[in-house]
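Asker: Line order of the protein sequences matches chains Y and C.
Counting in full-length UniProt numbering, the first sequence runs from 1 upward without gaps.
Counting in full-length UniProt numbering, the second sequence runs from 1 upward without gaps.
I should point out that these hints are in silico values taken from the structure, not numbers from a laboratory.
Owing to the predicted nature of the structure, the values given are computational and were not obtained by experimental measurement.
There's no promise every hint is true.
Intra- or inter-copy, both count: the list cannot distinguish identical chains.
[Unchecked claim] BS3-like, lysine-lysine: derived pairs with alpha carbons at most 25 Å apart:
1) K173 / K92
2) K173 / K49
3) K167 / K49
4) K172 / K92
5) K167 / K126
6) K172 / K152
7) K173 / K152
8) K167 / K131
9) K152 / K92
10) K49 / K172
11) K92 / K131
12) K131 / K173
13) K152 / K96
2 protein chains.
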Amino acid sequence: MSIINTASTTRADLPSLDLMFPQELISLEVSAQLPSDLQIRPLASTDYKRGHLDVLSGLSVVNDLGEVAWVNQFHAMRATPGAYFSIVILDKASDKIIGVGTVFIERKFLRGLGSVGHVEDIAVDKNYQGKKLGLRIIQALTHISESSGCYKTILNCNDTNIPFYEKCGYVKKENEMAKYAPERVNNAPKL
Amino acid sequence: MSIINTASTTRADLPSLDLMFPQELISLEVSAQLPSDLQIRPLASTDYKRGHLDVLSGLSVVNDLGEVAWVNQFHAMRATPGAYFSIVILDKASDKIIGVGTVFIERKFLRGLGSVGHVEDIAVDKNYQGKKLGLRIIQALTHISESSGCYKTILNCNDTNIPFYEKCGYVKKENEMAKYAPERVNNAPKL
Chain Y
1 MSIINTASTT RADLPSLDLM FPQELISLEV SAQLPSDLQI RPLASTDYKR GHLDVLSGLS
61 VVNDLGEVAW VNQFHAMRAT PGAYFSIVIL DKASDKIIGV GTVFIERKFL RGLGSVGHVE
121 DIAVDKNYQG KKLGLRIIQA LTHISESSGC YKTILNCNDT NIPFYEKCGY VKKENEMAKY
181 APERVNNAPK L
Chain C
1 MSIINTASTT RADLPSLDLM FPQELISLEV SAQLPSDLQI RPLASTDYKR GHLDVLSGLS
61 VVNDLGEVAW VNQFHAMRAT PGAYFSIVIL DKASDKIIGV GTVFIERKFL RGLGSVGHVE
121 DIAVDKNYQG KKLGLRIIQA LTHISESSGC YKTILNCNDT NIPFYEKCGY VKKENEMAKY
181 APERVNNAPK L
């Protein structure tokens with residue numbers, strides 16, 4: 001009982017945050033399973049300062065363009081309602097982000113004009129690994145996807161991570177093929 | 001010369017169509033390589049009548065909800081500018097769609113707030129196969145993705161289709177993992 005009360009996040013815990021989407025879309029069950037010193041919630045417009053990109057840098061090239069550009073991207077994503085759902089796990093004591101992930105929802109003409117959730121860019125601070133936080137992020141994002149009516153949720157991963165995603169309820173389906181743009185385009189900053 | 005003139009599509013060919021995005025984003029090079037009796041262009045709001053879902057039904061479950069619902073989905077996609085780019089290949093004589101494909105563009109916080117193009121739902125009418133139309137669709141979608149500044153374009157395919165996508169300039173990267181929603185959600189029509 002006390003675990004649920006301390007670990008779950010309510011509106012009262014987020015008095016002044018400008019969130020990407022409503023906190024109600026975060027699974028209460030997942031919130032309750034987090035250690036009590038951590039909090040899971042939607043990405044907020046002030047999360048650049050809490051180290052959002054620091055956590056992502058453990059996953060891939062970040063190329064930080066600064067806070068103003070980051071905030072603009074946050075607002076551009078939120079301007080397409082029902083599309084982007086980025087979440088974070090915070091260490092409450094330090095007010096630092098230590099886990100991140102996103103699901104974005106694609107509309108289709110197939111499957112009764114159905115939708116598919118694409119899970120992207122999952123990362124956990126290396127000092128917080130071994131606490132099942134990756135699993136919690138996947139569970140929370142899958143919950144958002146399925147609550148939004150997606151008939152399936154997909155993600156791409158390397159061979160090493162297949163067993164982890166199988167534990168999350170996913171099965172290997174197909175192959176991801178990629179084509180990188182010519183270097184000139186690749187390195188051009190977006191305006 | 002005459003091949004280019006007849007096969008490429010200009011604004012003059014599309015006098016009254018309500019398109020998902022501007023025709024200018026369709027590669028002129030790809031247009032010019034099509035047989036002269038075919039035309040490649042953005043999806044139009046009246047393409048339900050031209051058999052858009054008939055072509056998609058060769059790929060997956062369509063579950064046709066009727067024209068009004070289809071048009072609503074078209075407008076919902078277009079209401080998120082820079083996100084959805086669905087294209088079609090038409091047989092000019094019959095005014096029927098015989099090839100389809102979509103790329104949608106995902107914004108990220110990684111890679112200098114970069115974008116990734118996701119190629120989805122490629123299908124060609126079985127009576128028109130063997131004319132490299134699948135290749136043309138992939139080339140056109142990749143052109144849209146790269147022109148939009150995406151640092152990479154990705155897609156998922158089964159083992160059999162890997163050589164085809166390699167010919168399109170793609171390489172196998174990772175594994176697609178999928179989780180299907182519970183049946184109750186899966187079959188629920190979207191409101």
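Asker: With reference to the structure, classify each hint as holding or not holding.
Answerer: Okay, the hints, checked on the actual structure:
1. Taking CA atoms no more than 25 Å apart as the test, K173 paired with K92 passes in neither setting, with 38 Å inside one copy and 37 Å between copies.
2. Within a single copy, K173 and K49 get their C-alpha atoms no closer than 38 Å, and across copies no closer than 33 Å, so neither meets the 25 Å cut-off.
3. In this assembly of identical chains, the alpha carbons of K167 and K49 never lie at most 25 Å apart, being 33 Å within a copy and 44 Å across copies at closest.
4. In this assembly of identical chains, the alpha carbons of K172 and K92 never lie at most 25 Å apart, being 36 Å within a copy and 40 Å across copies at closest.
5. In this assembly of identical chains, the alpha carbons of K167 and K126 lie at most 25 Å apart only when taken from the same copy (20 Å versus 39 Å across copies).
6. Taking the shortest Cα distances, K172 and K152 sit within 25 Å of each other both inside one copy (13 Å) and across copies (22 Å).
7. Taking the closest pair of Cα atoms, K173 and K152 come within 25 Å of each other both inside a single copy (12 Å) and across two copies (21 Å).
8. In this homomeric assembly, K167 and K131 come within 25 Å of each other (Cα to Cα) only inside a single copy, at 15 Å, whereas the closest approach across copies is 43 Å.
9. Taking identical chains as interchangeable, the C-alpha atoms of K152 and K92 are never at most 25 Å apart, the minima being 33 Å within one chain and 36 Å between chains.
10. Taking identical chains as interchangeable, the C-alpha atoms of K49 and K172 are never at most 25 Å apart, the minima being 37 Å within one chain and 36 Å between chains.
11. Proximity of K92 and K131 under a CA criterion of 25 Å is satisfied intra-copy only: 16 Å inside one chain copy versus 59 Å between copies.
12. For a Cα distance limit of 25 Å, the shortest separation of K131 from K173 qualifies neither inside one copy, at 28 Å, nor across copies, at 28 Å.
13. With identical chains, the CA atoms of K152 and K96 are never at most 25 Å apart, being 32 Å at best within one copy and 30 Å at best between copies.
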